[in-house]
Structure formats: structure tokens, C-alpha cells
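Enquirer: Below are the chains, spelled out letter by letter.
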Amino acid sequence: MKRIKIIPVFSIILLFVFVSPVYAHTTSQIGVLEQTYHTNPNYQDYYVGGEEVGWSIDETLHTNGTSITYSFAITDPYLETAYKVYAIEGASKWNGIVNITNKLDGTGKGIIKTYNEENSGTVDRFRGAYTDANGHLTSWIIEMNRSYNVTSTTLAHEFGHVIGLNDLYASKNTNKLMYGYSSRSVSSPPYYRLKGLTQYCVGPYFAL
Amino acid sequence: MKKYIYTNIVIAILMLLVGCSNENIKAKLPPVRISDIQINASFERSYTFAEAYEESDMVAHIRIGDWLGDGEYITYFEAEIIEQYKGEVINEIVLLQDGTTSETLKGYPLFTNENEMLVFLKHAVNTEYEDAYWIIGAYTTLLDVEIDKNGNQYYIDRYGILGETISTSLNIANNEELKKELYRNAIKRDSIVAEMEYEYNYIYNKTSLDELMEGFKE
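Protein chains in written order, with this note's numbering: chain A, 121 to 328; chain B, 19 to 236.
A couple of the hints might just be wrong.
[Stated by the list, open to error] Using 25 Å as the maximum straight-line C-alpha spacing, the simulated SDA-like pairs for lysine to any residue come out as follows:
| id | chain 1 | residue 1 | chain 2 | residue 2 |
| --- | --- | --- | --- | --- |
| 1 | B | K44 | B | T66 |
| 2 | B | K124 | A | P197 |
| 3 | B | K124 | A | G216 |
| 4 | A | K233 | B | K198 |
| 5 | A | K292 | B | T66 |
| 6 | B | K167 | B | S226 |
| 7 | A | K292 | B | I190 |
| 8 | B | K124 | A | V306 |
| 9 | B | K198 | B | T183 |
These aren't lab readings, by the way, just hints derived from the structure by calculation.
Pulled out of the complex, with its shape left as it was, chain A reads as follows (with noise of 0.2 Å):
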């Protein structure tokens, strides 16, 4: 009778240690990144970043780990050679900080068409972003407006966003990739380094 008893208890317990997620963050990390950079001057007192320091991040939407996949758009006509040739060239430039790979075979997490919009000042978007509730990528697209000229640059900045970066748009920060305009002065991120929060599952953390 006893035995009876303790069996469903038993499976009770088993079924929590075993469904239950890991939590990695499922609050704000500022707390965690106050711990391991309040000795480091770049940071200030802008732990998850902000214009003054020349970077962001979003804590609600970024990838996990640095392996990023994305897959062109099999349904988009115009999605020609030139555009796909800018988004393998704009995800080369992360080269050494995340990998970003195209899975030819569809599976990529992340799409890469274009769109069409004359009537606006938007140049790419990244938008369709879906997330685990840790705030970890599963899908997410990448669009290019036709009407506008899109480069590797752009697509670089683009993919910024899917590591889990802001935009800028404070005028000192026309020298960073994540500045919100195509008239940045830079092509790619040689300003930004890896500082490694993998542990934290933050995403890759970015300074100057």
C-alpha cells in the first residue's frame, strides 16, 4: 500500500528535475555584468551598453552561443545573386567574433529575402524574431528593401542584430557598425570584441 504511495510522489519529483528548463537568465544579467566589469573603465556605468559608450545590447533578443545559421528565401524571385552575395560577404565580417553560416539546405534559423518600399527611409530590417523565453533566438528574418542601396555593410549591421545588438544613432557613433544609418563610416566591426558571456548565455558581449 505503501509502495503505492510513493510511486506517483516519486515520478512527481522525477518529472520536475527532468521537464523543467534551465534557467540561464530569465531576468535583466545588469546585475551579473556589474559583477564582472565594474573594475573596467570602458564599461561606466553602462552595463548592458548605451550611445555614450558606443554599443547596446538587448538583453530581450540576441543569439546564443557564437554559431549563427541562416537560409536564403526559396519563395522570393528577386532575391538575385547580388543580394545573397552581400549577405555571405556582410556575415564574413564577423569572421573570428560569431560564425554565421549559410545552410544551403533550408534549415538555417535565420531567412534572408528582400522586400519592396519606395515610400520610406528604411534601407534593411530585421524583423520576425521570435524567442525562448531566456530571450535566445529561434527565428528571425532579414530583409532588403529594393528600393534602396543595399551592401555587404548593411548586411553586416543587419547580423548585428541577430548577435544581439542595438542601433545607434548619436552622432559620435558614426564611426560603429550598429549606427543606424547607411552612412556609417566604417564597413565592418573591427571596433568590437568578443568578451566572451557565453557563460551567462547573454550572447556575445561587445566594447570598444
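Starting from the known structure of chain A, fit chain B onto it as the hints suggest.
Expert: Relative to chain A, chain B alone:
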């Protein structure tokens, strides 16, 4: 007696019609103003205040009217021209805003009825609307219009992007009392302001920006 009954019936019908008519003039609002999934947009170029004026087909203080619906990538609104600084003189336009009710731009909620702002516009092409205009830099070239308790009008750059290009001597955001008052008024006018992390660090007297724009004409 019959006369009174008929009169009462007529009055009741009239009241019903007035009620229906009021229902008809109720503003059409966008069903969603901040979508769950958002867009990070990268823009072709940045604008200074002078460049935004220079490169626009129309510069105007507008008031948002009805939401007309979503396009594929943009949202359409009716907008009334309150004051016009540049462009073809017109009373009403259709305003195009980047983003739709299913995907809005990050930090850029869809407008709603009675929002007032100073916008720099380009004439839209290939749309179903004749007098359609789009905002050249989306939220990077947009100033909110707000008034204080004395009825003085101000332009506010809630994003601090265009404001960065206007002479600091014109910025009166260091007046903390005024800043708080305008922020409170903005929330009263549109409660979504309270949900956003806007910093009212760029505030200008209407007269000072009017003079600035007057200077651009010369």
C-alpha cells in the same frame, strides 16, 4: 393627445439618429500600437534639422485623425494640417508611418487619433491615396507638439536624434519644471508615452523653431 404622441415619437427618432451619428464619427484607432514582434530598421541616411527641412516636400504641424489601415510594410492615417511651413498648401493628407499593426518598429508605436507632431514629409508614390506623404526619417525626424498650462506651444524630440542637430542654445529642456509638466501633459494626451522610455531632453519653444525654419526659406 395624438399630436403629443407623434411629437414625442419624432423627438425620440431624432435623438436616436443623433446617437447613431455620434457613433459614426467615433475615431478609428489602430487596434495595436506596439506589436509583440518588433522591427529593427536601418535607415538610408541621417538628417540634421536643416537637411530634414531642405529635403522634404512638405513640413507641417499635423494632427492625426482616423487609422485607415495597414499596408504591407506601412500604416495609413488621416492627418489634418494645423500649420504648414513648406510645401503645397493643403488641409488634409494621408500620412504613412513605417510599421504595421502586426509588426511595429522598435520604440516607435503607431500613431493614434489626436497625436500632434511636426513632421518632414515626402510625397508618396504608387499608393491608392492621392495626397499621401511619408516621414522621411521615421522617428529620427519627428518632433511632438505639446502645450503648457499657459497655452504656450513646444516641440519635443522624444528620441533625441533630430534634437542633437539643433543649436543647444535653443534647447530649454534644462527647465525641469517645464519638462515634467510637458511630460505629464503628453501622457494625458496619449497614455502610451508612459509605457515608453522616452527622455524629454530636447525641448524647444515653437517660436524659436519657427524662426529657424523661416531662416531656411531665405
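Enquirer: Against this structure, judge whether each hint is valid.
Expert: So, going through the hints one by one against the coordinates:
The straight-line distance between the Cα atoms of B/K44 and B/T66 is roughly 38 Å, outside the 25 Å bound, and the hint therefore fails. For the suggested pair B/K124 and A/P197, the alpha carbons sit about 28 Å apart, so the restraint of at most 25 Å is broken. Using a Cα cut-off of 25 Å, the hinted pair B/K124 and A/G216 is violated, with the two alpha carbons roughly 29 Å apart. Restraint check: the Cα-Cα separation between A/K233 and B/K198 comes to about 44 Å, which exceeds 25 Å; the hinted pair is violated.
The straight-line distance between the Cα atoms of A/K292 and B/T66 is roughly 14 Å, inside the 25 Å bound, and the hint therefore holds. At roughly 19 Å between alpha-carbon atoms, B/K167 and B/S226 fall within 25 Å of each other, so this suggested pair holds. Simply put, A/K292 and B/I190 have alpha-carbon atoms about 22 Å apart, close enough for the 25 Å limit, and the pair holds. Restraint check for B/K124 and A/V306: the C-alpha separation of about 24 Å stays at or below 25 Å, so the hint holds.
Restraint check: the Cα-Cα separation between B/K198 and B/T183 comes to about 23 Å, which is no more than 25 Å; the hinted pair holds.
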